[in-house]
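Number of protein chains: 4
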Amino acid sequence: MEAGARQFDPRTPEERSERETEFARIVAFTDGVFAIAITLLVLTIEVPQGSKDLLADLRHQLPDLIAYALSFAVIGRFWLLHHRFFAHLERFDSRLMTLNLTYLGLIVLVPFTSELLGDYGDDVEAPVIYAVVLAAAALVNWSMVRYAIRGRLVNPESRVAVAGSGELTGLAIPGIFLISIPLAFISPYLAEISWALLFLVRSTLARRRS
Amino acid sequence: MEAGARQFDPRTPEERSERETEFARIVAFTDGVFAIAITLLVLTIEVPQGSKDLLADLRHQLPDLIAYALSFAVIGRFWLLHHRFFAHLERFDSRLMTLNLTYLGLIVLVPFTSELLGDYGDDVEAPVIYAVVLAAAALVNWSMVRYAIRGRLVNPESRVAVAGSGELTGLAIPGIFLISIPLAFISPYLAEISWALLFLVRSTLARRRS
Amino acid sequence: MEAGARQFDPRTPEERSERETEFARIVAFTDGVFAIAITLLVLTIEVPQGSKDLLADLRHQLPDLIAYALSFAVIGRFWLLHHRFFAHLERFDSRLMTLNLTYLGLIVLVPFTSELLGDYGDDVEAPVIYAVVLAAAALVNWSMVRYAIRGRLVNPESRVAVAGSGELTGLAIPGIFLISIPLAFISPYLAEISWALLFLVRSTLARRRS
Amino acid sequence: MEAGARQFDPRTPEERSERETEFARIVAFTDGVFAIAITLLVLTIEVPQGSKDLLADLRHQLPDLIAYALSFAVIGRFWLLHHRFFAHLERFDSRLMTLNLTYLGLIVLVPFTSELLGDYGDDVEAPVIYAVVLAAAALVNWSMVRYAIRGRLVNPESRVAVAGSGELTGLAIPGIFLISIPLAFISPYLAEISWALLFLVRSTLARRRS
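Chain order of the listed sequences is W, Y, S and H. Here the first sequence stands for residues -1 to 208, where the numbers follow our numbering. Here the second sequence stands for residues -1 to 208, where the numbers follow our numbering. Here the third sequence stands for residues -1 to 208, where the numbers follow our numbering. Here the fourth sequence stands for residues -1 to 208, where the numbers follow our numbering.
Treat each hint with caution, since some may be false.
[Said to hold, decoys possible] Heads up, incomplete: computed chain S residues facing chain Y, CB under 7 Å, no partners named:
#, residue
1, 35
2, 51
3, 106
To be clear, the hints were calculated from the coordinates, so they are not data collected in a lab. Nothing here was measured: the structure is a model prediction, and the numbers come from that model. Ideal Cβ placement from N, Cα and C applies to all residues, glycine included.
Using the sequences and the hints given, assemble the complete structure.
In structure tokens:
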């Protein structure tokens, strides 16, 4: 049952080069889950049943479409960040894999929270739940990067590049979602607009570094 | 957060050979999204509930089946084109990845537009929405190829082979979908028939080159 | 648009070794579609809504569960056959890819035909549609193998191993499904039982060769 | 049809190194099915339709969310075990592939049993069905590991590491699910709590070995 227990022991983490196939499987599984979650978003846009005035009924689906676009961009962005982090990873252990699965468990909830947002975007509950799930996902991601740096799962030369994700600046993304929670109580739309900062943060950081 | 910001900077694009694993992940994610979107099409064909006359009820699902066949062929064709383009790609940067995600965001909408077409193919709205989404996808694809050629993300020797997709002939596919929009206002069926040109264009081009 | 048209020209087929990455993408896409289609089968088993007597309601889902098991075995078997055929493939061209996409378009229909079979297994239409789709898939597979042998897309030494699939014995699987169609008109159950031959054929052939 | 029959003959199993591509396909297909099954779990959490009191209605979905978290952890854990076992596999044959497909056929049922558990967790039937499916999956996994050891599909040096899964300790996981079945008749909640042992077993074993 615990066939590979020793290899996954945190104290003797796996070298990526030695176990390239296993690492590839973890990456492929992660990418698979991301790809499926992002594609399942299409099921959140409902096709009107027995509609008499299709144009009017489709107009009512507009919040669904906006929630779709937002969630596609958010999952896409989270995947890019994960992708960049894993590119620097040189070793992995069982704790990192547990953190990664927890992270995926939150990402997979997005099609649900997104449908909720599309259907009940005027209510305070929908944006709050949306923000809570993504703040949690971003925090798990942050702790995963932090753990990888401290546990020397990334190479010393990559540490500077990855550091941003594990330190204060890495808290920007969970921060945006956490701050949007009280905003939702003022106005659900205010919370939704605040999420746009997610994409501004990126360009600002990218500009500063170049 | 912006761990790999430098490597994805458009001015210093990544070499495919150097970062084969990362490139493989992008390709695998893209293929995954295509494979899921094409397979989710089956959910657009409804199984009659509590049917008394199954044969009659299934006959009513015939437009669903036609929409399925059309959309399967369209997504399959778009995947083949993407596949051929990526085979020539030697470098990638963050802008190409953003374009690619935008492109995927439109492809993933096809199961929705396809279900709409199967259920409301007699209305003008369904074929118009179908054509708008695919014209947008084809235009994003065109600009992605154009950007790759101009940004020297493809090798000089491949530039001739890829060029067709980034220049005037590359506008044939978005053109077919754009022209079908006014046709849908004359007759929804006329628009649907015009999409068959998508597959004729292919054979004509293939014949001319051989 | 037809960036790779030349390479996919049937007269100058691609060498697998030269374009290993592209071949890997085709295989990955095919496997992805198979994996998604086989997993979507779970959606054909309905969870009773607001049930008062869960045990009784679940008993009514028994045909759904049998259809699930049958379809899982059938898709699994078709995947194994495809997997073995592709292992011998040394070259590919655009016609093989079109045949492969057509084949996948029929496999992806199985979750629909399987749900139909689970819900309307007593009617003649459900097993007939099920058999027609799988007979068509098996025939496309047969013609794909035949084309690969004639077009020298498999190596001479593999030709003997693959031959069975492209010749008379290769017609056993489509034959079983075709013969079951008239049987369904005598009794739907007779057709369903006849499909079990699919798994007997296998062991007989395997025994003869060993 | 039986193109690769000889290679998959149990008496002359395939060497992993010789047929790396084929082995990679089996692994990719398995990972794909796991990734899709784990992601489809999100569809078991229902979005309330036309809710007047969203907070109250969402509270009723709490069992759905708990079932989701449990099933995500269970599928994740089964995937980790499968992943570790396959890392030691050096050869494969047709019987191992049939066992693997049977195993996957049970894993794919989890989104169904999970939805049942979320909707009918107070009834005895739901936890019993949940436990039966997972006990069966764990037993098939156990017999797969056992077969691999006896059929010398794993290397002698790996045999010690894998042995735990194929011997008495390997029966711990099916054992937990089997024992929970009679517990469900005392109280459904008792069965559900007993499944937590699944994650305790792990840490105990890991501690003992380190």
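Results for each hint:
1. 35: Hint on residue 35 of chain S: holds, closest Cβ of chain Y at ~6 Å, below 7 Å.
2. 51: The hint is violated - residue 51 of chain S has no Cβ within 7 Å of chain Y, the shortest such distance being about 19 Å.
3. 106: 5 Å, holds
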